[in-house]
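Residue numbering for the sequence shown follows the working numbering, beginning at 87 and increasing consecutively.
Hints in this document: simulated from the structure, not taken from any laboratory. Treat the hints loosely; a few may be bogus.
[As the list claims (entries may be wrong)] The calculated label-pair distances, taken between Cβ atoms and stated as ranges, are:
#1 251 with 220: 33 to 43 Å
#2 170 with 249: 21 to 31 Å
#3 195 with 152: 16 to 26 Å
#4 175 with 131: 30 to 40 Å
#5 176 with 104: 34 to 44 Å
#6 89 with 203: 31 to 41 Å
#7 131 with 103: 40 to 50 Å
#8 176 with 253: 37 to 47 Å
#9 135 with 244: 35 to 45 Å
All C-beta atoms, glycine included, are put in the ideal place defined by N, C-alpha and C.
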Amino acid sequence: MSKLYNDARKRFVSVFGDGEIEFVRAPGRVNLIGEHTDYNGLSVLPMALDREIAIALSVQPNSAIKLTNIDESLPPVDFELSFDIEPYPTGHWGNYVKAAAQAIWRWAEAQSPDMLPLKGYRGCVAGSVPPGSGLSSSSALVVASALALVHTNKLPISKPDLAELLA
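Starting from the given sequences, assemble the full structure and let the hints guide the process.
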């Protein structure tokens with residue numbers, strides 16, 4: 087297990103206590119033909135990197151998401167899953183997690199109301215993608231957060247559908 091995962095596990099245990107811990111991850115990426123082309127409707131040529139955002143997590147018995155970050159200067163994230171999730175103030179890292187959670191909730195509700203309520207998770211976010219580096223650290227956090235909910239709830243969403251949902 088890499089240092090990143092070991093550090094995430096240690097931080098998880100220090101904040102939430104011991105228990106069954108699983109991991110999800112999403113790589114950073116670089117667009118080989120320039121930045122900001124994707125959301126301007128232009129072509130992209132992305133390449134995944136060996137840097138990643140990982141979440142050490144355990145399933146909650148309720149619909150709460152409680153997160154800490156390996157970077158102790160970042161505030162914790164704590165909210166309930168629902169159709170409409172109130173955002174944090176602009177610039178808060180938890181908004182990326184909330185965006186993923188809201189998208190997954192709405193997808194699940196559209197598929198079958200029987201999928202609701204979704205189970206939440208407790209977790210520790212760790213990353214080797216430098217924020218603000220142009221390597222899509224925020225996108226990796228959104229994807230890892232969505233994967234945590236997909237995994238936690240065993241949701242039957244395909245990889246292409248998940249990519250489209252989060253685009």
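Right, here's what the structure says about each hint:
1. 251 with 220: 33 to 43 Å: 24 Å, violated
2. 170 with 249: 21 to 31 Å: Holds, since residue 170 and residue 249 (Cβ atoms, about 24 Å apart) stay within the stated range.
3. 195 with 152: 16 to 26 Å: 22 Å, holds
4. 175 with 131: 30 to 40 Å: 35 Å, holds
5. 176 with 104: 34 to 44 Å: 36 Å, holds
6. 89 with 203: 31 to 41 Å: 36 Å, holds
7. 131 with 103: 40 to 50 Å: 44 Å, holds
8. 176 with 253: 37 to 47 Å: 22 Å, violated
9. 135 with 244: 35 to 45 Å: 24 Å, violated
The structure shown violates the earlier hints numbered 1, 8, 9.
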